[in-house]
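Q: Sequence:
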Amino acid sequence: MSVQVRDCPLGVRVVEWIAGKCCPNRMFDRMTWHRAGVLGLTYLAYTCYHMTRKPISVVKNVLSRNCSGMLAPPEILVNDSNRDTWCDWAPFDTPDATALLGTLDSAFLFSYAAAMFLSGFVAERVNLRLFLTLGMLGTGIFTYLFGVARPYNIHSLWYFIFIQGMAGVFQTSGWPGVVTVVGNWFGKGKRGLIFGIWNSHTSLGNILGSLIAAWYVESDWSLSFIVPGAIMGISGFVIFLFLAPNPIDVGCIPPTPQGYRKLEAANSSDEGEYDDAESIHSGDRHLTYRNNARHQDAAVDIVRDETTPMLSVNHSVQSSGERAIGLMGAVAIPGVIEYSLSLFFAKLVSYTFLFWLPLYIKSSTPYSAETSADLSTLFDVGGILGAIIAGVLSDYSGMSALTCAIMLGLSCPTLLVYNYLGSVNLAWNVTLLMLAGLLVNGPYALITTAVSAELGTHPSLGEDSKALATVTAIIDGTGSIGAAVGPLLAGFVSSRGDPERAWHNVYYMLIASEVLALLLLSKLVYKDLRLFAQRRRAV
Numbered sequence: 282m283s284v285q286v287r288d289c290p291l292g293v294r295v296v297e298w299i300a301g302k303c304c305p306n307r308m309f310d311r312m313t314w315h316r317a318g319v320l321g322l323t324y325l326a327y328t329c330y331h332m333t334r335k336p337i338s339v340v341k342n343v344l345s346r347n348c349s350g351m352l353a354p355p356e357i358l359v360n361d362s363n364r365d366t367w368c369d370w371a372p373f374d375t376p377d378a379t380a381l382l383g384t385l386d387s388a389f390l391f392s393y394a395a396a397m398f399l400s401g402f403v404a405e406r407v408n409l410r411l412f413l414t415l416g417m418l419g420t421g422i423f424t425y426l427f428g429v430a431r432p433y434n435i436h437s438l439w440y441f442i443f444i445q446g447m448a449g450v451f452q453t454s455g456w457p458g459v460v461t462v463v464g465n466w467f468g469k470g471k472r473g474l475i476f477g478i479w480n481s482h483t484s485l486g487n488i489l490g491s492l493i494a495a496w497y498v499e500s501d502w503s504l505s506f507i508v509p510g511a512i513m514g515i516s517g518f519v520i521f522l523f524l525a526p527n528p529i530d531v532g533c534i535p536p537t538p539q540g541y542r543k544l545e546a547a548n549s550s551d552e553g554e555y556d557d558a559e560s561i562h563s564g565d566r567h568l569t570y571r572n573n574a575r576h577q578d579a580a581v582d583i584v585r586d587e588t589t590p591m592l593s594v595n596h597s598v599q600s601s602g603e604r605a606i607g608l609m610g611a612v613a614i615p616g617v618i619e620y621s622l623s624l625f626f627a628k629l630v631s632y633t634f635l636f637w638l639p640l641y642i643k644s645s646t647p648y649s650a651e652t653s654a655d656l657s658t659l660f661d662v663g664g665i666l667g668a669i670i671a672g673v674l675s676d677y678s679g680m681s682a683l684t685c686a687i688m689l690g691l692s693c694p695t696l697l698v699y700n701y702l703g704s705v706n707l708a709w710n711v712t713l714l715m716l717a718g719l720l721v722n723g724p725y726a727l728i729t730t731a732v733s734a735e736l737g738t739h740p741s742l743g744e745d746s747k748a749l750a751t752v753t754a755i756i757d758g759t760g761s762i763g764a765a766v767g768p769l770l771a772g773f774v775s776s777r778g779d780p781e782r783a784w785h786n787v788y789y790m791l792i793a794s795e796v797l798a799l800l801l802l803s804k805l806v807y808k809d810l811r812l813f814a815q816r817r818r819a820v
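So for the sequence shown, my numbering puts the first residue at 282; every next one is plus one.
Source of the hints: derived by calculation from the structure; they are not laboratory data.
Take these hints with a grain of salt, some might be off.
As the list claims (entries may be wrong) - Think about it this way: if two alpha-carbon atoms lie no more than 20 Å apart in a straight line, the pair counts; the simulated SDA-like pairs of lysine to any residue are: (1) Lys804 with Pro615; (2) Lys804 with Gly690; (3) Lys808 with Ile687; (4) Lys808 with Leu797.
My request is simple: use the sequences and hints to build the entire structure.
A: Set out below in structure tokens:
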């Protein structure tokens, strides 16, 4: 039976037309090439999302530094409008600057957390290509608007709060969108490893955001925001041209492992197989396929293009007979509450480092603002390794909760040691920063990727429900509330009492959060160990 598909992105059509002319006998696997393209595009998208989050943590060192008694350079003195703000920037030039900057973090993170739950609900029901494009363009615009405050001499605190809040809202399109797209294209095999490698986009985005912001922070901090904002907008256009959210958009057969609903038949028992013999007729884009030795008839007619309204029913739901699950149904899935609450504290720690690490390094070492920003990227380098290691361990053991618990437990002494010995010399700082990033970001990455995808396709959903984006949004949204609370508490604690002692208190707060994240997983860890013992007895 044939499936007519008309939602193939314009860029993909052009590439396939060129490929048809150059290689008319096509000796390559279309599914493999499209999967590689989806991984690359979603990797690019979320790298850009995190790249636009990072500049504020770097620019804090410039906005809040005390310029009293410092002589402005001659080129600054010529410009009367910048004579009084050449170094610091009102309203962040007061003794409570850290608290005000913490308010900006909270505006971004609380709006992000609140909008995330709605974003996941919407993502299950819309065209994800247009959804991600809109989110990326909006994020790029508001990142740019933060930067233009400098050339236009804007000093209103409410302006900065509004910009950060709106940026947080648009940023919520990223995670449910990219996780759902990847989940549509990949089955369960080696999911932890695939997601672990793929999730390095988070750390890479932080690294690029830090390096770009650090390059301009001393000369013109506005470019620390304008350049990432422009890159984000261009990348959003690339996503619009080339991203295919679902295999059926380009005439491929979706993977059909257990837990993923099947296009061809609800009662199919095949695990992760798609047809060996697929024929695509470029004229009318009809797909004819067979599943193993059986022919499955599926009458699916999808008529969508770039002019189709985004808020119509998601075509993947239409085609497969699935229905998008509600928020309460997703919360009822076993494990969602435990992982969500654990991520609350795990993400609290990760985002405190994300927003405050450059400032902490500068305050505890003799390094400059640029050097502190560059050094802070080592935390994210460790995060890349941590995500991969956590994914591999989860795949090998089949015990995601236990993997997270072990890494959370090891992170506590690591943070304690870094607090007291990180500033001793450069070697200690580099080593401990990378180890801390590995242990802090490993569980965070595993929960928000492989675990979310696993729970979003849980057997309890039945054969006619889909919840990947909704579950992802619930887990990440709960974690994002913790991400909002962490930097706010860090700003409050670090501005109270003796500065040196205040930062010690911040680290005690982070260690306590890691312990709570570990305890909240204890029930799931017990289940993992019990299942492991049962498997050993059965051998």
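Q: Sort out which numbered hints this structure fails and list those numbers smallest first.
A: none
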